[in-house]
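S.K.: Below are the chains, spelled out letter by letter.
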Amino acid sequence: MSQSNSILWSFDVDGKNFDSAGFASQSTKFKLRQLGLNGDIIKRVAIAMYEGEINMVIHAEGGVANVEVDEDKIIITLTDTGKGIADIEQAMREGFSTATEEIRDLGFGAGMGLPNMKKNSDELIIDSAVGKGTKVTMIFAI
Amino acid sequence: METDKSYCAVKIDKDKCKGCINCMKKCPTEAIRVRNGKATINYDRCVGCGECIRTCTHNAKYATSDSLDLMNDFKYTVALVPPSLLGQFPNVIDPSVISNSMKNIGFDDFYEVARGADLVSALTRKKFEECDRQKPLISTACPVCVELILIRFNDLKDYLIDIMPPLEIAAKIARKRAMKATGLASEDIGVFFISPCPAKVASTHRGFYTENPGVDGVFAMSDICLKLMHISQAEVDITRPIVASNLGVAWATSGGEVSALDGRVLAADGIENVISVLKELESGKLKDIDYVELNACPGGCVGGVFTIENPFVAKSKIHTIRRTSLYNKKNTVDKIEHLDEYLRSLDWETDDVFVLDKDFKKAFVKLRQVEQLLPQLPQLDCGVCGSPSCRAFAEDVVNGIVTIDKCVRQTEENGIDDDLIKKETE
Chain A
0 MSQSNSILWS FDVDGKNFDS AGFASQSTKF KLRQLGLNGD IIKRVAIAMY EGEINMVIHA
60 EGGVANVEVD EDKIIITLTD TGKGIADIEQ AMREGFSTAT EEIRDLGFGA GMGLPNMKKN
120 SDELIIDSAV GKGTKVTMIF AI
Chain B
0 METDKSYCAV KIDKDKCKGC INCMKKCPTE AIRVRNGKAT INYDRCVGCG ECIRTCTHNA
60 KYATSDSLDL MNDFKYTVAL VPPSLLGQFP NVIDPSVISN SMKNIGFDDF YEVARGADLV
120 SALTRKKFEE CDRQKPLIST ACPVCVELIL IRFNDLKDYL IDIMPPLEIA AKIARKRAMK
180 ATGLASEDIG VFFISPCPAK VASTHRGFYT ENPGVDGVFA MSDICLKLMH ISQAEVDITR
240 PIVASNLGVA WATSGGEVSA LDGRVLAADG IENVISVLKE LESGKLKDID YVELNACPGG
300 CVGGVFTIEN PFVAKSKIHT IRRTSLYNKK NTVDKIEHLD EYLRSLDWET DDVFVLDKDF
360 KKAFVKLRQV EQLLPQLPQL DCGVCGSPSC RAFAEDVVNG IVTIDKCVRQ TEENGIDDDL
420 IKKETE
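Residue numbers (numbering that gives the first Met the number 0), protein chains in the order written: chain A, 0 to 141; chain B, 0 to 425.
These are computed hints drawn from the structure, not numbers from a lab.
Fair warning: there could be bad hints in the mix.
Cut-off 16 Å, straight-line C-alpha distance, at most; resulting in silico cross-link-like pairs (EDC-like, lysine to aspartate or glutamate) [as the list claims (entries may be wrong)]: (1) A/Lys134 x A/Asp86; (2) B/Lys156 x B/Glu348; (3) A/Lys15 x A/Asp86; (4) B/Lys278 x A/Glu70; (5) B/Lys24 x B/Glu271; (6) B/Lys284 x A/Asp18; (7) B/Lys361 x A/Glu60; (8) B/Lys361 x A/Asp69; (9) A/Lys42 x B/Asp351; (10) A/Lys42 x B/Glu271; (11) B/Lys284 x A/Asp104.
All chains, full assembly: derive it from the sequences and hints.
M.R.: So, in C-alpha cells, the structure goes:
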C-alpha cells in the first residue's frame, strides 16, 4: 500500500469502445464531488479528462488513466502505447486532427481535444514518441 | 396547504421487512441500507422514485397519500384528473365518462391536467423560439427526475426549463375557475390531484415547485380507482365536455410530452434509462438535442406505483383513446394569459448529499481511506453487509456507520487490514 499522502485511483481505458469512453472521467468527477470541491474545478477536470479518454480511444486503442489527488492539486496522467504524436505544436492547434473519416463521421476527432485539455487544466505536459506512445499529464490546482 | 420540506412519501413497515437486500440494490441514489435485519432509508438521498416499492416482495414498502376524508373540509371540491387515469379501466374508452364520473364519487367538478400540459407545450414552443439558453432544455414535469438532477447531476440544473409542470398550472386555473363559478372564497375550495405516483404527493407537500402549490391534497390513483369500481358507466352524467388536446393526453406515456414539440427531442423513461441519459448529458455529448423529456417510471406516468393497470396495457388504452375520442387533434392554446404565474425561476436548491465530510481535510482523509480499503474488498457488490456495493460499504466503514467485519468474505478469509482505519483516525 502506498505510503504517500495523496489519494490515488486508476482506470483501464478500453480502446475502440466509444460507449465506455467517459467512464473514467465520470467516476473521477463523482469522487471529487465526494471531497466537496467546488463545481468549477470538477467540471474542468471532467471535461479535460473526458477529452483525454476519447483521444486514447480514437488514436491509441486505449491506455491507462491515473488520478492523484493532493490537498492542493489534482494530477491526471493518461498513458498509452499508441502511435504517438509527430508534431505536438501542430496537434495543439484548434481544428487540427489526424482522426480517420469514420471517426469524424461518429462526431469525434474535430481537433478540439488537446486544445480543450489545455484550456481546462492549469498545466498540460505532453510527452510523446512516434511509434511508442504518449503520456499526457494535466495538473489542476485546488 | 401548509408545506413541509421534510415530507417523505416512501415508508418502510419494519414489521413486514425481512431485511432482504432487493430494495437496497435497486435504489438509484444508494439511499437504502439494511442494518440489524431491517431496511432503512436515508431521506436526504431519497428521490421518491418508488423503485423500492416496486421491488419489495414482502409489501414492506409503502407510499403515503392524503385521506379522501380531506374532501369534507371544503364547501366545493375539484378533482384534477391526470391523463394517466384514462388508462386504468379495462372497459371504458370514453374519456368524458371517466372525467365526469368524479362527480359520482363526491367531487363537485373536475379539471383535466392535460389542459395544463397543453399550456406547458405552448409555452415550451415559445421558449424554443426565444431561447438563448444552452440546450438541451430539460423537462421539469417529473419531480423524481428533477430531484435526481439536483442531488446527483447538479451540473445539469441549469438546463431545466423555467416552466411550471402541468399539475401546478392546472391547479391554479382550476381554482380560479371554481371561484368564479361558485363565488366562494379560495379557502372554501378544495383542489385535489389524483396522483399516479408518490413523488407527486411529496413534491406537493414539500412545495418543491412552488411555495404555494395550489393543491389541497393529493390522492392515490389506486384509492380513486377503488371508488370508481362501484360506479357503472350508465350512472355518469356527461355535463362537462373534455377540452384538452390529444397531445396533452399523450403526456401520460413516455414520448408524449415531446410529441407536441418540433425540433430534435429525446424521451427517456425508467429510472435506469433516465440516469444513462443524464450521464450522456453530463459528458456534454447531447449538444445537438433541443429538448429532453424524462420520466422516472417505466412507460411514463402510467407506470407510477399508484396505478392499478399494467403500464403497457394502460399505454395501449391511452393510445386508442387518443385516436378514437373527440379530443382536439391540435394543441388549441393560442393565447396565454398570466404567463408569469406559469414560470418557475431557475434558483433550484442543490444539496451535495454524497460529500464524505463537510470539512475538506476530513473528506480528503476519508476518500483516501475508501480508495485504500476498496481493493481489499471482494468487489462482489453482494450487499450481504447491508450496503449496496463494496464502494458504499467502504464509505460506510470510513464514516463509522458499520464495521469491517460485516463483510462476509473478509471475515472468512481474514485478509483485511483493519488497522488501516484505526491508524488514520488516530
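S.K.: Hint numbers the structure violates, sorted upward?
M.R.: Structure breaks hints 3, 4, 7, 10.
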